[in-house]
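Chemist: Chains as they are written, first to last, in this note's numbering: chain Z, -8 to 256; chain W, 2 to 308.
These are computed hints drawn from the structure, not numbers from a lab. Quantities reported herein were computed from a predicted structural model and do not represent experimental measurements. Do not rely on the hints blindly, as some may be mistaken.
As the list claims (entries may be wrong) - Here are the simulated SDA-like pairs of lysine to any residue, each with C-alpha atoms no more than 20 angstroms apart in a straight line:
#1 LYS288(W) with PRO241(W)
#2 LYS253(Z) with ARG74(W)
#3 LYS134(W) with LYS55(Z)
#4 LYS90(W) with PRO58(Z)
#5 LYS90(W) with VAL244(Z)
#6 LYS273(W) with PRO289(W)
#7 LYS258(W) with PRO241(W)
#8 LYS253(Z) with GLY18(W)
Said to hold, decoys possible - Examples of chain Z residues toward chain W, derived with CB under 7 angstroms:
#9 LYS5
#10 ASP12
#11 GLY106
#12 GLU109
#13 THR110
#14 ALA112
#15 THR114
#16 MET116
#17 VAL154
#18 GLY156
#19 PRO158
#20 ASN162
#21 SER164
#22 GLU252
Unchecked claim - Here are the simulated distance ranges between beta carbons:
#23 THR141(W) with VAL(-5)(Z): 56 to 62 angstroms
#24 ILE195(Z) with GLY189(W): 28 to 34 angstroms
#25 TRP129(W) with LYS253(Z): 35 to 41 angstroms
#26 ILE135(Z) with THR141(W): 34 to 40 angstroms
Built from N, CA and C at the ideal position, the CB exists for glycine as well.
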Amino acid sequence: MKTVSLAEQAVIRKDFHEVWDSNMARSTLLVVPLLMVVIIPIVFLVITCNVPPSQVNGVDQIMKMLPQEVRHFSIQQGTFYVMTNTLFPMFFLMIPLMTSTVAAASSFVGEKERGTLETLALTPMTLQKIFHAKVLGCVMLSAIVTAISFVSFAIVISVGDIVLGMPFFLNWSWLVCVFLFAPAVTVFGVVFMVLVSAKSKSYIEAIQTSGYIIVPLILLFIGQFAGVFSLNAPILLMISVGIIVVDVILWFVTARSFQTEKLLR
Amino acid sequence: MEELAIQTDRLSKTYDGSNYALRDLSIDVRQGEVFGFLGPNGAGKTTTVKLLNGLLKPNGGSCSVMGLSSTLRSPEVHRICGTMTESSKMYGQMTGMENLIFFAETSDIAMPKAKERAEELLKRMDLWDARDKRLGAYSTGMAQRLSLARTLVGNPRILFLDEPTSGLDPESAKSVNSLIDSLARDEGVTVFLCTHQLRYAQDLCERYAIIEKGKLLVSGSIESIAKGARIFIKAAVRVPDRDQLEGFERDSGGWWKTDLLREEDMPRLLKKLVTDGHDIYEAKILKPTLEDVYFQYVRSGNGEVLQ
Chain Z
-8 MKTVSLAEQA
2 VIRKDFHEVW
12 DSNMARSTLL
22 VVPLLMVVII
32 PIVFLVITCN
42 VPPSQVNGVD
52 QIMKMLPQEV
62 RHFSIQQGTF
72 YVMTNTLFPM
82 FFLMIPLMTS
92 TVAAASSFVG
102 EKERGTLETL
112 ALTPMTLQKI
122 FHAKVLGCVM
132 LSAIVTAISF
142 VSFAIVISVG
152 DIVLGMPFFL
162 NWSWLVCVFL
172 FAPAVTVFGV
182 VFMVLVSAKS
192 KSYIEAIQTS
202 GYIIVPLILL
212 FIGQFAGVFS
222 LNAPILLMIS
232 VGIIVVDVIL
242 WFVTARSFQT
252 EKLLR
Chain W
2 MEELAIQTDR
12 LSKTYDGSNY
22 ALRDLSIDVR
32 QGEVFGFLGP
42 NGAGKTTTVK
52 LLNGLLKPNG
62 GSCSVMGLSS
72 TLRSPEVHRI
82 CGTMTESSKM
92 YGQMTGMENL
102 IFFAETSDIA
112 MPKAKERAEE
122 LLKRMDLWDA
132 RDKRLGAYST
142 GMAQRLSLAR
152 TLVGNPRILF
162 LDEPTSGLDP
172 ESAKSVNSLI
182 DSLARDEGVT
192 VFLCTHQLRY
202 AQDLCERYAI
212 IEKGKLLVSG
222 SIESIAKGAR
232 IFIKAAVRVP
242 DRDQLEGFER
252 DSGGWWKTDL
262 LREEDMPRLL
272 KKLVTDGHDI
282 YEAKILKPTL
292 EDVYFQYVRS
302 GNGEVLQ
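Isolated chain Z, as found in the complex (with noise of 0.2 angstroms):
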């Protein structure tokens, strides 16, 4: 960590333990991955392979969903595939802004409420400092967070393909989805949120308004289903990248903003 300094590296240490000793950071961290990734997947396949296709609604949908590759699955397969790269990467990417806003949260907003962001600012750190220092312990968090979560999603559904005798889940939109969306949405949560602290007088305000992000990601995903688009690997990328320009720029202005002065009022 050559780039991150001692007192940097105290402050990442300080904001984990701290998001780990407060109770509604730490279930958030816990229980939105094990929803999202591990249970829903879990019930979603028990329910695909019991409950006969005839019952099931809407399936003439879901597979004129399927892309023309994979048209000759089964009822049961298509589902499946259908839920693995429609609606499971939705909640998916909702753990890396989830836990990237709560991070952010606890670590800027949870820091001035407690009155200690004044203290840390007389400390020789410069607010650049500080500020790098924060955002990168909440990236890391959300990062390892988020690696946790897809190591047991992929094994979930792996599972999944195996017991439906369908080909291995990742392919390029899932790619993008881990190595470009992900972190571009990590990055979002935290700076969104450091811009939010700046107003928010207490965590829990800050967690209420950082729910506004979550709905475009639902609309994006929604939008498939409503037949509005078809979200494909090459539209992920440019999604993707149209956040990470929207993160550098948000990164610039909250940098700037970041003053003492203002934090304190």
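Chain W: place on chain Z using the hints.
Modeler: Chain W only, in chain Z's frame:
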């Protein structure tokens, strides 16, 4: 010429653009002195400390600490200063030891030196037995002492202490004050002390500034600011009940009192009383207290700068 520890020049601050929390404050604090910064609530004491630490930007004037501009070089200022304000809290979920190690690390003190420094300060502040307790479980006095320990983590040359004894019982306040005294006397640390507690301030400080509504009323040593307020030292004598002393006033305790311009005038005064045939049972010099001077200025709201 010796470098000043703290200097402000017509320093002004307004939060809303119209009402000034601080207006044209000009003070100098010498290296190694304990400087009392006095004033009622809302006078601008905390604003001054925050400006000197670069947490706020001035709307006018300038300020520096050991020649470093507080506005432009605040991280360097923080490296040589320890600052304790009422609003700068420490981490409640961390233990006393963890808090001090964390703040040592933010000052680039690596382990195991950070731990050694934390241990040394915990012992010095009489917090050793509570080192593994979470700060949230500390009493107000213990938390205040831990905050003071935090300010000392980086071996500061200047301490900014904003109401360090606020909320403390007399015993804890006394121990904090004796610590401040020993830091100043034994280690040569310059102390900028904001306080309401005038009696403690008089014991600790060498010079003072009194501000009210953001304006400096007076600054200087107790003798000079007392003179400015026309509060003089007094000679007090006790003589037989039948005696009447001209030019003296008799208080309810039977002491005859008169103003003295200088302490050196006392022997001459006593000689004259004896020559005039008075028997003197007791005699003493009454120096003006900081409380007398403070209330004289704060009531009148009219001051001048005396060095």
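Chemist: Taking the hints in turn, state whether each one holds.
Modeler: Against the structure, the hints come out as follows:
1. LYS288(W) with PRO241(W): With Cα atoms ~24 angstroms apart, LYS288(W) and PRO241(W) exceed 20 angstroms; violated.
2. LYS253(Z) with ARG74(W): holds, 18 angstroms
3. LYS134(W) with LYS55(Z): violated, 63 angstroms
4. LYS90(W) with PRO58(Z): Distance of about 58 angstroms is beyond 20 angstroms: violated.
5. LYS90(W) with VAL244(Z): The given pair, whose Cα atoms are some 28 angstroms apart, is violated under the 20 angstroms limit.
6. LYS273(W) with PRO289(W): Answer violated: LYS273(W) to PRO289(W) is near 24 angstroms, above 20 angstroms.
7. LYS258(W) with PRO241(W): Distance ~14 angstroms between LYS258(W) and PRO241(W) Cα, so the pair holds.
8. LYS253(Z) with GLY18(W): Measuring from Cα to Cα gives roughly 15 angstroms; hence the hint holds.
9. LYS5: With a closest approach of 6 angstroms, the LYS5(Z) hint holds.
10. ASP12: holds, 5 angstroms
11. GLY106: holds, 4 angstroms
12. GLU109: Holds: closest Cβ of chain W sits about 5 angstroms from GLU109(Z), inside 7 angstroms.
13. THR110: This hint holds: THR110(Z) lies near chain W, its Cβ roughly 4 angstroms from the closest one there, short of 7 angstroms.
14. ALA112: holds, 6 angstroms
15. THR114: holds, 4 angstroms
16. MET116: Interface hint status for MET116(Z): holds (6 angstroms vs cutoff 7 angstroms).
17. VAL154: violated, 45 angstroms
18. GLY156: Given a least distance of 51 angstroms, the restraint on GLY156(Z) is violated.
19. PRO158: violated, 48 angstroms
20. ASN162: Nearest chain W Cβ about 44 angstroms off; hint violated.
21. SER164: violated, 42 angstroms
22. GLU252: With a minimum Cβ separation of about 5 angstroms from chain W (threshold 7 angstroms), the hint on GLU252(Z) holds.
23. THR141(W) with VAL(-5)(Z): 56 to 62 angstroms: Violated, at about 36 angstroms.
24. ILE195(Z) with GLY189(W): 28 to 34 angstroms: violated, 47 angstroms
25. TRP129(W) with LYS253(Z): 35 to 41 angstroms: Since the Cβ atoms of TRP129(W) and LYS253(Z) sit about 39 angstroms apart, the hinted range of 35 to 41 angstroms holds.
26. ILE135(Z) with THR141(W): 34 to 40 angstroms: Distance hint for ILE135(Z), THR141(W) holds at roughly 38 angstroms.
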